[in-house]
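A.B. asks: Got chain A sorted already, so can you dock chain B onto it with the hints?
As they're listed, the protein sequences go chains A and B. The working numbering puts the first residue of the first sequence at 1, with every later residue one more than the last. The working numbering puts the first residue of the second sequence at 1, with every later residue one more than the last.
It is worth saying that the hints were derived from the structure and are not from the lab. Heads up, some of the hints might be wrong.
Treat identical chains as interchangeable: a pair holds within one or across any two.
[What the hints assert, rightly or not] Calculated pairs, SDA-like style, for lysine to any residue (alpha carbon to alpha carbon, straight line, at most 25 Å): (1) Lys-108 - Thr-298; (2) Lys-108 - Thr-172; (3) Lys-108 - Pro-84; (4) Lys-108 - Ala-62; (5) Lys-108 - Thr-309; (6) Lys-108 - Asp-173; (7) Lys-108 - Pro-31; (8) Lys-108 - Pro-263; (9) Lys-108 - Glu-178; (10) Lys-108 - Gln-203; (11) Lys-108 - Ile-13; (12) Lys-108 - Gly-51; (13) Lys-108 - Gly-176; (14) Lys-108 - Arg-68; (15) Lys-108 - Gly-199.
In this text the structure is predicted, and so the values were computed from the model without any measurement.
There are 2 protein chains.
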Amino acid sequence: MTDGLEILPVRGIGHIVAGDDLVELIAAAAPWIADGDVLVVTSKIVSKAEGRLVEVPADGEARDDARREVLASETARVVARRGPTTIVQTHHGFVMAAAGIDASNVDKTHLVLLPADPDTSARQLRAGFRARGLDVGVIVSDTMGRAWRNGLTDVALGAAGIEPIRDHRGETDPYGNELEITQMAVIDELAAAGELVKGKCDQVPVAVVRGYPRSGIRDSSDGAAVLLRDAASDMFSLGTAEARALGLREAAQLPDNALPGLPIDPAALERAAAAVADALSPATTVTPAEAITGSGATAALHLTTRDMTPIGLMRLGADAHRLRAALAAESIVTLSLPHDDGIRLELSGH
Amino acid sequence: MTDGLEILPVRGIGHIVAGDDLVELIAAAAPWIADGDVLVVTSKIVSKAEGRLVEVPADGEARDDARREVLASETARVVARRGPTTIVQTHHGFVMAAAGIDASNVDKTHLVLLPADPDTSARQLRAGFRARGLDVGVIVSDTMGRAWRNGLTDVALGAAGIEPIRDHRGETDPYGNELEITQMAVIDELAAAGELVKGKCDQVPVAVVRGYPRSGIRDSSDGAAVLLRDAASDMFSLGTAEARALGLREAAQLPDNALPGLPIDPAALERAAAAVADALSPATTVTPAEAITGSGATAALHLTTRDMTPIGLMRLGADAHRLRAALAAESIVTLSLPHDDGIRLELSGH
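Isolated chain A, as found in the complex:
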């Protein structure tokens, strides 16, 4: 591995305005930057140099309105809301509170947006240093919250010239076990290390990591975008309250679908029956039945009631829907077939 790292602050960069040449400013402030260094650059100064600012009223309701509007335009989808906090996925794919829009370290009439494409920003900075004869890795970093843990840490929004992931696949430990933990997000760890020397209002927007293995620094590296997990493959793509509400809405909308004909896990069927047992009317009886040939279903249930009054029949209808929701929670698809003396549910796996 390495003999150790140094994490060095770069001071004296000063205020950044749109059009500033960051490479020139960083190189002037830190003429000691050397081949093989990794530069961790706060996204804020990248945004400012790139003119990613939006004018907003300095205060009052007009400011709040403008801020909401900017948030909406930076948002690809809302992930979770609680009180004043809105966590969204940005158009880049980052999951961040308020889409990373920031009102600090800028005058009160502007908001700072994230760089339009942080990987491109990082590549341009790397190319700028390369033009000065320096081969450096570049990370564009920002501060993010996390699920499950209090406090914030810095992570990489963009990267160039440095492998984002250190992959241990195929390595074995001294006991001959293949490693279970394989993919370390090293650019996030480098961004975190850089934050430790940067501070929030000290005009230290750049840290230099010295001593990182040269094997990790190369032109062909992926950008930080490889760390983005899309919603489909993310087990936490929605807040818990939002996903719970989604389940309730799905229960409201349960379609009478053509059935896919996949087998049902008997344990899942039992769990669904148990979940709903106490919620059904005492007049309702659920009995297993044969699936109708050709329906695609692999099992069926029959619901009847001993209360055949209008009220009893309405209750039976509601009970069938309760059972359908409980089955849907277990990924069992249902087709509801009411007839004069009860309701038949055709069931199938999903």
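C.D. replies: Quick look at chain B alone, frame taken from chain A:
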């Protein structure tokens, strides 16, 4: 702030067995450790020294069974499951895949559990160095996955003698704005920085961070437990699929509750009506109604059908339940009152 940090690997510690004196071993391997250093110690060696090992069969189904059993005993609650991955909250409160149980860097007949109380472990290590005349901060670290981002990073499971959070509350930036980002989880950033020099199978289980501000190192510091977010205050306390299934089960179980009498957001009512519009039978009509005085409800809806056959009445019952689920998704509580010619839903906020 700081003039920079050094992150130094500690080599030559060798294999650790239960009862080993980690302080002695670390001090012998790194006699250069000095006052004010922060030691980042891989939890694996802490667990081994503390004898947190479980014997398991070396292979086969018996091993899988034993592993499942160990996981269950380390689990306080299951957070999310997908395929072979189980993410749980441990009894300590950590949210980790497989409860942090590890089969690497140990012989094939043992699994390594997390330390029983990593903050206590860190305090004991700090006290051990103190007894040798050295005032060091100690972090016990482990590798964790995250929501939303690929790859893993190291974080702090335990800490002693170092403030876990750097709090910027009350600070203002050079533009006079109060800082919005206030609480940095610095021990997680230090753990991440340490990982960069440790590697996974290189027998470098300890890193030393030198140059961290002395103001952050003090006896009275909180442990890493302050970074734990409990399920109630966590917006991501459950996986999306699990929370969605929870919503579906809640729809199955919707109770006819006494109503709390809280006001209803008209926009929420409209959203619920819109969500269910396409799912209701064409024979069903929903009309606003006055809440029954004294019921506690703040609004009511009346559902009727022009199909008063048994099948039509069952459909009306199911439709009322669909609407109740859609209202529940908007946090509107309902009481269902079926009568001979329709169903009355008394509504209330939550």
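A.B. asks: Of the hints stated earlier, which fail here?
C.D. replies: 1, 5, 7 and 8
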